[in-house]
Amino acid sequence: MKLKKPKVFNKYFNSFPDTRGFLSALDSENLEKKLQVKFKYQLVSLSKKKSTFRGFHYQKQPEAQNKIVIVHSGKILDFVVQIDSPFNSQVKSFELSAGDVIAIPHDYAHGFLSLTNDVIIQYLLDKKFSAKSYSGFNANSFIKKRFPSRKINISNKDKNLKDKILTEV
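Numbering of the sequence shown is given in our numbering, commencing with residue 1 and proceeding in unit increments.
Because the hints were derived from the structure by calculation, they are not lab data.
One or more of the hints may lead you astray.
Taking lysine to aspartate or glutamate pairs in the DMTMM-like style, the calculated list, with each CA pair at most 25 angstroms apart, reads [what the hints assert, rightly or not]: (1) 7 x 29; (2) 50 x 158; (3) 50 x 118; (4) 144 x 158; (5) 34 x 63; (6) 92 x 18.
Predicted model, so just to flag it, every value in this text is computed and none were measured.
Build out the structure end to end from the sequences listed, making use of the hints.
Shown next as structure tokens:
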């Protein structure tokens, strides 16, 4: 991917809501050209409840993934952190809502907190999922410090990831 740091594209695509729901139109060919990346794998995530945290996930080399995260519904606080910092990593955060896109280079771990109910996220990735290369950081202490009075829903799988000292920029 052409990018060295995460980049947000606000209101990058059109959403057409009606009484049944919505239809989102995203020009992925144009996005691939702009970022110089070819997508090979796609995921869709639904976080039903506000205050759900997912992350910090990444894949190690040789299967490291460049990610495009697309917010189709709801609002999130998106987090990225470089994976190669051995002791203390600074977390960058971005508030994103439906229509926003963030491009995340392969050397960053990614996570997000749902700020509304019914958050739908689509991931476009340049490499397929590899259980052998999958990794992440335990964000539990970071999230508790960042949101001390909020009850956060974090999966047991994410709670069992390795600890890393994370601080916010």
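Checked hints:
At most 25 angstroms may separate the alpha-carbon atoms for a hinted pair to count; residue 7 and residue 29 meet this at roughly 18 angstroms. Simply put, residue 50 and residue 158 have alpha-carbon atoms about 17 angstroms apart, close enough for the 25 angstroms limit, and the pair holds. Between the alpha carbons of residue 50 and residue 118 the distance comes to roughly 8 angstroms, so the proposed pair stays at or under 25 angstroms and holds. Restraint check for residue 144 and residue 158: satisfied, since their Cα atoms lie roughly 14 angstroms apart, inside the 25 angstroms limit.
Between residue 34 and residue 63, the direct Cα distance comes to roughly 22 angstroms. Compliance with the 25 angstroms bound is thereby established for this hinted pair. For the hint linking residue 92 to residue 18, the alpha-carbon distance of about 34 angstroms lies beyond 25 angstroms, and the restraint is violated.
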